[in-house]
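Engineer: These protein sequence lines are chains A and B, in that order.
Here the first sequence is numbered in the numbering used here, starting from 1 and rising by one per residue.
Here the second sequence is numbered in the numbering used here, starting from 1 and rising by one per residue.
One or more hints might be untrue.
What the hints assert, rightly or not - Interface residues of chain A toward chain B, partial, derived using beta-carbon atoms under 7 Å:
| id | residue |
| --- | --- |
| 1 | Asn46 |
| 2 | Arg48 |
| 3 | Phe58 |
| 4 | Phe74 |
| 5 | Gly101 |
| 6 | Gln122 |
| 7 | Glu146 |
| 8 | Asp147 |
| 9 | Ser154 |
| 10 | Gly155 |
| 11 | Tyr250 |
| 12 | Thr254 |
| 13 | Ala256 |
| 14 | Pro368 |
| 15 | Gly426 |
| 16 | Tyr709 |
What the hints assert, rightly or not - Calculated lysine to any residue pairs in the SDA-like style (CA-CA distance at most 25 Å, straight line):
| id | chain 1 | residue 1 | chain 2 | residue 2 |
| --- | --- | --- | --- | --- |
| 17 | B | Lys689 | B | Trp436 |
| 18 | A | Lys475 | A | Leu463 |
| 19 | A | Lys93 | B | Lys689 |
| 20 | B | Lys443 | A | Glu149 |
| 21 | A | Lys408 | B | Asp412 |
| 22 | A | Lys225 | B | Asp302 |
| 23 | B | Lys93 | A | Lys72 |
| 24 | A | Lys156 | B | Trp436 |
| 25 | A | Lys485 | A | Gly445 |
| 26 | A | Lys724 | A | Gly705 |
| 27 | A | Lys634 | A | Gly585 |
| 28 | B | Lys689 | B | Thr704 |
| 29 | B | Lys60 | A | Met241 |
| 30 | A | Lys93 | B | Pro609 |
| 31 | A | Lys724 | A | Gln708 |
| 32 | B | Lys156 | A | Arg51 |
| 33 | B | Lys156 | A | Ser154 |
| 34 | B | Lys60 | A | Arg406 |
| 35 | A | Lys60 | B | Met246 |
| 36 | B | Lys105 | A | Arg48 |
| 37 | A | Lys93 | B | Val44 |
| 38 | A | Lys60 | B | Glu87 |
| 39 | B | Lys156 | A | Thr188 |
| 40 | B | Lys93 | A | His248 |
Derived by calculation from the structure, the hints in this document are not laboratory data.
Every residue gets a Cβ at the ideal spot worked out from N, C-alpha and C, and that includes glycine.
There are 2 protein chains.
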Amino acid sequence: MYKVKIFFVLLGFLTLIHSETVLAQQATWIWYPGDYDIWLGNIVQNRRTERGTFFPPFWKMDSHYVLVEFSKTFELASSENISIRVEGQYNVKLDGRMLLGSPEKLVIPAGKHTLKIKVYNQAGVPAIFVLGETVHSDNSWQVTYEDKEWIDESGKASETSTGTVYLNAVSWNFNSPDTPPSQFKLSTRPMPVVSEEIQDKGILYDFGKETFGFVKFHSVKGKGKLHIYYGESAEEALTVMHSETMDHLYVDNTVAGDVTVPGSKAFRYVYVEILDRLSYDSVSMLYEYLPLEYKGGFRCNDEQINKIWDVSAYTLHLTSREFFLDGIKRDRWMWSGDAYQSYLMSYYLFFDTPLVRRTTFALRGKDPVTSHINTIMDYTFYWFMGIYDYYQYTGDQQFIGQLYPRMKSLMDFCLSRRNSEGLMQGLAGDWIFIDWADFNMSKAGEVSFEQLLFCRSLETMALCAGIMKDTKNEKVYTQLAAELKTKLFSLFWSESHNAFIHNRENGIAGTQVTPYTNMFAILFNYLDDEKTKAVKENVLLNPDALKITTPYMRFYELEALCALGEQNYVLKEIRDYWGGMLDLGATSFWEKYNPQEKYPDLLAMYGRPFGKSLCHAWGASPIYLLGKYYLGIKPAGPGYESFIAEPCLGGLQWMEGNVPTPGGKIHLYCSEKEIRIKSDSGTGTLRFKSLSKPVCKTATIIKTGDNQYEIIISGGREVTVQYKSIK
Amino acid sequence: MYKVKIFFVLLGFLTLIHSETVLAQQATWIWYPGDYDIWLGNIVQNRRTERGTFFPPFWKMDSHYVLVEFSKTFELASSENISIRVEGQYNVKLDGRMLLGSPEKLVIPAGKHTLKIKVYNQAGVPAIFVLGETVHSDNSWQVTYEDKEWIDESGKASETSTGTVYLNAVSWNFNSPDTPPSQFKLSTRPMPVVSEEIQDKGILYDFGKETFGFVKFHSVKGKGKLHIYYGESAEEALTVMHSETMDHLYVDNTVAGDVTVPGSKAFRYVYVEILDRLSYDSVSMLYEYLPLEYKGGFRCNDEQINKIWDVSAYTLHLTSREFFLDGIKRDRWMWSGDAYQSYLMSYYLFFDTPLVRRTTFALRGKDPVTSHINTIMDYTFYWFMGIYDYYQYTGDQQFIGQLYPRMKSLMDFCLSRRNSEGLMQGLAGDWIFIDWADFNMSKAGEVSFEQLLFCRSLETMALCAGIMKDTKNEKVYTQLAAELKTKLFSLFWSESHNAFIHNRENGIAGTQVTPYTNMFAILFNYLDDEKTKAVKENVLLNPDALKITTPYMRFYELEALCALGEQNYVLKEIRDYWGGMLDLGATSFWEKYNPQEKYPDLLAMYGRPFGKSLCHAWGASPIYLLGKYYLGIKPAGPGYESFIAEPCLGGLQWMEGNVPTPGGKIHLYCSEKEIRIKSDSGTGTLRFKSLSKPVCKTATIIKTGDNQYEIIISGGREVTVQYKSIK
């Protein structure tokens, strides 16, 4: 296992504790779908501060259901002792009979029984943990927020089987009665200062790289305030007047003692000023992180690319917390467009599906829908698209089932906001984001990019309606998507530009061509060969085209180029762009990087000198690009039951890596002469080009075209192919 | 003020502390409309226990908005110091600039300013109290749960004036910074035991009448459990095995001390068993109540009627708490049909409009609507009708404005559930309640009563749409109501029965005639003279018609008869029915009373020997009937800006009383020879019949028909008329 070893050295901070799937028969804390995600999301997203002041989100925050009934019908061969733990006030009904008080222990006789536990919890999430020999709380329990069980005058209970909507309960990994969900905390680990520097009024501490956690002062003595200024750069920490985050910690220690700052922060540098009669021995920190297993990996002969992969992985880990956050210094919020990219990257690294589900539910919140997700129109669409991908990568239909009602109501919201042309146009309160661009970009009228994402969202709805066997709506969504696609081409494809134009105002097509619609149309496979070629030449590879300056949109730009087979070009771009950040000293990747900008101006954003986030999830896309388009591994059927491996060296001499799947992982090695591949599960197609006739001793090689070959991979056996790569 | 004196003696328990309206310039705690009602409603409704076990509602319980922005724009002549108190975590923005930390004091310079306070509170309701010389938190502040104020890359804030929905904040009477809404508790007052009786294993205490509160043991010493069984009757307390509520209180007092049971209960009798080594000196209780002013009153020459009025008032007070509850022993929940009657009674007694508003908001909860209110179809319609009445009695348009969005979405829910005929029919999960009846009543198919209430609800929507100047929907609702009314007559009026039939199944009209639709049609003024006469003879006064056995429906039955001028008959019915309960020892009025049932069987309900509630809000209707149809006072325009006084002795020799109005009260005295009336505000029409030519020295008498006269009342002057009543 070269991967684990190397990574431990390289990435230092990481651990391997993780348990994703809960066995059906293992007792675990359970709750109503979405409840915990919404509740924990409120806590997490309300931790943002700006220069010491509480800074909450500007969109609606929902709450969990405060009253939930959990139920399970089972048959016991012999009587069984069960114990019950509950977060909230509760009662227990066995076979319709309410038991005295709130029992913590129960003996259930042999036979068929229905157990119901009804829980009220206003401040936290109603959750239960039931443990018997065979009876366990798990995802097979049913939950409802309105059981509608009323008693008529004669004492007869109403029939709850009709009219009451049940869902399956959900869980995470709270598998002990003593670790209830409300007590969840990220893990911490002590980390030392790497260097320190005395300043005029204090000391600047350097932790060596971007990190996240709680600063700790050792042996503090005296009375007064510790003034702590955080910086992702030394300049930020030292500016005092402009550092984005800070703490002013009052201490009154007559006897020396350690003091830890109560709130965790993102920083590399910490500048501490002491204006009062205080002293301390030293400073360290508690690194705060979500324990995640590095299931995916990538190594190649190019050490710069390896470094870029490592820093990307670290960036993604720092932003993969209770939820996928955008940037750890400033927002600490969930943003749907940012999270969408984190999901995709994560499928090639952690494959932590509970984290994807938590973020998806928390972003969605509850009905009614009163605005776009994060108030941003495009972010609503990314939310749908994230579910499309989730299903491709995981094959998890249960999650689709839990989410489908909230998908429908969000789509109803979108459909109700179409204009008379049936197109999406910004209404009062809608934010059309698209990208932070350095050129003038109109958000007015009907923006082609929004229609494109809307179309993909409708396709996602059709897919999920099919999974849910909701054939009526499957038809409706399919039809709506097809109609919208037709309009997209008739209204926005410009024959004169040979590309999609950016927008249309008052029925008049604009003349600006931006990369967004064009590159996504390639990713969605919406273009015929001729149009694909046109977009490639006129937009993607055109040196005069408008330039993207965020890693966010570079993600899709480079992905589109990879999809067109431009891996060699893209590798060079990765070296230049992400390598450019590394050359400037980046230890995690940034929110925005324009190679034209100079230090320290490049630290500024949002009109503030240190407004830019230097650890932003969307900066980590090389993980995704290298896994999907160089190792070339992606699902062909839901959850990798079938998959494609189409390795492409893109100018590298060799590369090797793992891609995680629901059933384990796929390992691939590829040099100019040899390909080795092994998958723990599923059936894959290895696709490659070879100048020579390839040789494989353990599998059949199928020739599919000039120099093109395929091999079927299955059953956990490693397949080795000798071939000659085309550069 | 005879009223206050007499009532203090008669009703004992009551106090007069109350302040309904908050002056615009008085600082008070404010919050988002509905939030506090929903939050407090959850606490109150989850206090139900059944034989010691927690017994929560079976419908969806919502939550407050956890993140709310409060804002106010004002102009200061000179700089001002203001102080801020908040329930929750918060930040403060002055003129768009976020202030450091969470300031509790602030100096605002002279000039025009906008102050924004954004509050996060998961467990409780986000609420603020702002106090300056001129700047005060009050209902003029704006609130929103999604301010949509985002910052673009350049640092520019979005324009929140478009796309953000603001409402006016609401308040109750938390007018001091030190009485935040989360700390609200009902008042308590010590009350003694009236008598006690030694039993086999314990002592039975009698508090002399139905009451509510916390049982208190004095000088308890020793270790063990106090077993406390509550009873609305002595039988219930003594049965031990069947008392509906009980407490088992563990005590470990080495030194004697007082012990108060933590949860309040409803009871008249308390039976205490001690099986352990415990002793105590005596028992008392803390009566728990909402301080309410008895603004309305009624006295007449008939002492039985006076007693009925007093016990009704006490019944209503016991059930008028944080909210209007149904019964205080068992449910302690809000039920829309029950609350609807409490509202009406309350307009003739407490006129406590915040209590009406709290109950209305708490019953409604939040969107999305997932079932009928309390799961009961008729209860959804009563909710609408309650708003109709609220507007008539109070003239309060602001409340309509706050509620209108939730009225529309609830009506959308109803409209979406109509069958192909456009009629309401029970769907899965719908409870068709109507009444607890002792005859067989079908709930199948299309029930005429539900269509009738639906029609009235649509009329309410039309009224409120008009108030909201939502002319488009005013038209829609008016049209829908008219269409439904037409169908009601064409499908349910039976020429052969000369009455409305009860229901229709699979397109076939039933043959049963029940009182409900018929009597409500009279109350809603839907019938012409001929049909009115038919209903009166064939249903209301027909001794062979199906009998109502709940005070709940007797309310409307007797009201319909009063509306038809049958006050003499109704007074006899009141004496028989409510007098019948008094004769059986009632100290508050009951959930159900069938004069045929014998003691102690009449205590049973819901298949349980003491299931019946002996203090039920809907038992208190004589307050309403005597105020509205004997004193004869009711609003003619919204909020009593104009009113009618049409006294009717109904066989009494004299009566006297007050009816509260938003502007004070209307006092009326009426004997067979003299009428005296005085109103604090509004313009009224005194309508009366006289066999002789009436004489009034201070106002003009208008003759309107044979023996019929009117006098216009205004300006706070008392008008005295000499006349000769028609018996």
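Engineer: Each hint needs a verdict: does it hold in this structure or not?
Structural biologist: These are the hints, each one checked on the structure:
no.: 1; hint: Asn46; result: 5 Å, holds
no.: 2; hint: Arg48; result: 10 Å, violated
no.: 3; hint: Phe58; result: 5 Å, holds
no.: 4; hint: Phe74; result: 22 Å, violated
no.: 5; hint: Gly101; result: 6 Å, holds
no.: 6; hint: Gln122; result: 6 Å, holds
no.: 7; hint: Glu146; result: 4 Å, holds
no.: 8; hint: Asp147; result: 5 Å, holds
no.: 9; hint: Ser154; result: 6 Å, holds
no.: 10; hint: Gly155; result: 2 Å, holds
no.: 11; hint: Tyr250; result: 13 Å, violated
no.: 12; hint: Thr254; result: 27 Å, violated
no.: 13; hint: Ala256; result: 28 Å, violated
no.: 14; hint: Pro368; result: 4 Å, holds
no.: 15; hint: Gly426; result: 9 Å, violated
no.: 16; hint: Tyr709; result: 48 Å, violated
no.: 17; hint: Lys689(B) / Trp436(B); result: 39 Å, violated
no.: 18; hint: Lys475(A) / Leu463(A); result: 10 Å, holds
no.: 19; hint: Lys93(A) / Lys689(B); result: 62 Å, violated
no.: 20; hint: Lys443(B) / Glu149(A); result: 17 Å, holds
no.: 21; hint: Lys408(A) / Asp412(B); result: 17 Å, holds
no.: 22; hint: Lys225(A) / Asp302(B); result: 77 Å, violated
no.: 23; hint: Lys93(B) / Lys72(A); result: 50 Å, violated
no.: 24; hint: Lys156(A) / Trp436(B); result: 13 Å, holds
no.: 25; hint: Lys485(A) / Gly445(A); result: 18 Å, holds
no.: 26; hint: Lys724(A) / Gly705(A); result: 16 Å, holds
no.: 27; hint: Lys634(A) / Gly585(A); result: 33 Å, violated
no.: 28; hint: Lys689(B) / Thr704(B); result: 10 Å, holds
no.: 29; hint: Lys60(B) / Met241(A); result: 49 Å, violated
no.: 30; hint: Lys93(A) / Pro609(B); result: 21 Å, holds
no.: 31; hint: Lys724(A) / Gln708(A); result: 11 Å, holds
no.: 32; hint: Lys156(B) / Arg51(A); result: 18 Å, holds
no.: 33; hint: Lys156(B) / Ser154(A); result: 65 Å, violated
no.: 34; hint: Lys60(B) / Arg406(A); result: 17 Å, holds
no.: 35; hint: Lys60(A) / Met246(B); result: 42 Å, violated
no.: 36; hint: Lys105(B) / Arg48(A); result: 23 Å, holds
no.: 37; hint: Lys93(A) / Val44(B); result: 22 Å, holds
no.: 38; hint: Lys60(A) / Glu87(B); result: 18 Å, holds
no.: 39; hint: Lys156(B) / Thr188(A); result: 37 Å, violated
no.: 40; hint: Lys93(B) / His248(A); result: 21 Å, holds
This entry does not satisfy hints 2, 4, 11, 12, 13, 15, 16, 17, 19, 22, 23, 27, 29, 33, 35, 39, going by the numbered hints stated previously.
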